[in-house]
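Residue strings, one per chain:
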Amino acid sequence: MNLYFDNSSTSFPKPEGVSQSINEYFSHGGTYGRAAYNRVIEVSRKVESTRSLLANLIGTSLAPNVVFTSNATHAINLFIRGMRYPKRRVIISPLEHNAVCRPLQYLFQTAGVGVDTFPHHPDGRIDIQKAAKVNFASYDLGIINHVSNVNGVIQPIKEIKRLMGNTPLLVDASQSAGRVEIRADEWKLDALALTGHKGIMGPTGTGALFIRNPDMADPLIFGGTGSNSESYLQPIDLPDRFEAGTPNIVGIYGLWGALSSGRGYSFKREHFVELLHEISTFSSFKLLAADDTDFQSDVFSIKPLGMEVSELARILFEKFSVETRSGLHCAPLAHRTLGTFTTGAVRFSLSKFHTDNDLDYLHSCLKKIDEGRS
Amino acid sequence: MREEANTGFTILIFSNIHQVMHAEKIIADKGYPYRIVPVPSSLSSECGLCIRIESSYLDSILSDLQNIKVEIHTLNNEP
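Same order as they appear, the protein sequences are chains A and B.
Numbered per our numbering, the first sequence spans residues 0 to 373.
Numbered per our numbering, the second sequence spans residues 34 to 112.
What the hints contain is simulated information worked out from the structure, not anything from laboratory work.
Watch out, some of these pointers could steer you wrong.
Within a straight-line C-alpha distance of at most 30 angstroms, the following computed BS3-like cross-link-like pairs (lysine-lysine) qualify [to be verified]:
#1 A/K187 to A/K285
#2 B/K102 to A/K187
#3 A/K129 to A/K160
#4 A/K351 to A/K302
#5 A/K187 to B/K58
#6 A/K187 to A/K132
These stretches of chain B come out as covered by chain A in the derived footprint (C-beta under 8 angstroms, 3 or more residues) [to be verified]:
#7 42-56
#8 84-93
These numbers come from a predicted model, not from an experiment.
Idealized CB from N, CA, C, for every residue including glycine.
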């Protein structure tokens with residue numbers, strides 16, 4: 000039985016191919032580029048193959064525009080801090096994580112860049128009808144958390160970008176990459192940040208930024224790339240412009256293993272929706288989920304009524320061995336939007352490895368706790 | 034694999050490793066003879082790698098590489 004329900008923090012278990020691929024790297028070693036012996040050529044092929052798999056995952060034909068980073072936070076910072084803000088105004092979703100809020104706060108303090116919030120429904124989903132009245136031309140940038148790491152709401156990215164027109168949109172795909180469909184080219188996304196260790200189920204320390212027009216942002220880090228070495232200037236070609244220094248080759252090998260696994264969901268979608276419905280009937284909990292299940296990913300939270308959230312997490316682990324994450328989930332803005340600031344909630348984030356039986360067990364645990372308090 | 038005829042060699046230099054690997058995949062998939070070699074110091078102070086091909090296949094390979102930016106150098110001696 001798989002009782003690990005904290006896959007939005009980091010996924011577990013990983014597909015077998017992750018450790019196999021990492022072991023393969025340790026058995027032959029080598030760096031990326033810089034020389035032309037077989038060990039290096041093999042590594043360089045694998046790194047570029049991984050880049051192509053990521054490009055395919057997010058629906059872009061622009062593989063060189065997919066730049067490796069150490070995680071989604073790094074990718075978000077690379078874009079936010081590299082951009083220029085002549086209008087001094089940014090608009091964000093009401094469910095943003097601190098990976099977005101903190102760099103924006105820094106921009107506010109250092110450059111006077113202000114932040115507005117998209118009009119939205121009570122569950123934080125952007126209200127498309129109201130958003131149609133927003134003057135997006137007055138903003139330098141829009142930022143949307145594709146899937147909330149608190150209630151799992153999936154934002155209608157395609158419609159939002161259509162409304163925004165030429166105003167750039169950065170999509171934070173930390174929770175969505177590997178979980179829900181992304182079509183970067185079809186949706187005309189300007190930038191997208193992802194991490195490798197959550198929905199994709201790769202190793203920690205991996206991530207990527209997709210940037211359609213590299214001139215939109217200055218590099219965050221400067222240094223050696225194995226190209227144009229005679230020059231002190233950072234290369235302008237992608238991906239080198241944003242990839243100074245030796246990449247996380249071990250992690251990228253693991254990421255290749257995850258992306259190549261072809262792992263599908265082991266639980267049925269309708270079973271999950273039924274679980275959410277059952278939980279919503281329990282009198283001891285407030286369910287934090289999408290109001291419309293069409294916009295629900297496999298992440299949700301509950302706020303216990305009359306009990307500390309940490310206490311619920313403790314009971315779930317000590318009595319039922321269920322692993323969850325309680326608190327604010329580094330997303331105070333999301334919890335403010337959902338009315339659960341400052342206590343937060345207990346989050347349940349599923350994995351493709353969960354089965355219907357695992358969901359039934361979780362249901363029985365919550366039911367027992369609810370009955371014990373009713 | 035196409036046959037390697039001794040018609041001299043041409044070095045293809047790309048802007049970065051990504052482009053080398055991208056070009057290599059196209060060249061390998063088409064079955065052209067090639068080798069990945071260090072960028073000859075006579076051509077560039079570059080520390081990376083490049084692709085050496087049979088000069089007789091140059092036009093065909095360039096046609097297959099289409100939009101990839103490439104610098105072309107014909108060699109008198111094998112590097």
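Going down the list of hints, with the structure as the test:
1. As the CA atoms of A/K187 and A/K285 are separated by approximately 37 angstroms, the hinted pair breaks the 30 angstroms bound.
2. For the given pair, B/K102 sits about 25 angstroms from A/K187 by alpha-carbon distance, which is consistent with the 30 angstroms threshold.
3. Under the criterion of a C-alpha separation no larger than 30 angstroms, the hint pairing A/K129 with A/K160 is consistent with the structure, at around 14 angstroms.
4. About 24 angstroms separates the Cα atoms of A/K351 and A/K302, which keeps this hinted pair within 30 angstroms; it holds.
5. With a C-alpha separation of about 28 angstroms, the suggested pair A/K187 and B/K58 falls inside the 30 angstroms cut-off, and the hint holds.
6. Restraint check: the Cα-Cα separation between A/K187 and A/K132 comes to about 20 angstroms, which is no more than 30 angstroms; the hinted pair holds.
7. Coverage of a stretch by a chain is defined here by at least three residues with a beta carbon nearer than 8 angstroms to that chain's beta carbons; for the segment 42-56 of chain B and chain A the count is 8, and the condition holds.
8. Coverage of the segment 84-93 of chain B by chain A is violated [criterion: at least 3 residues with CB-CB distance below 8 angstroms; count 0].
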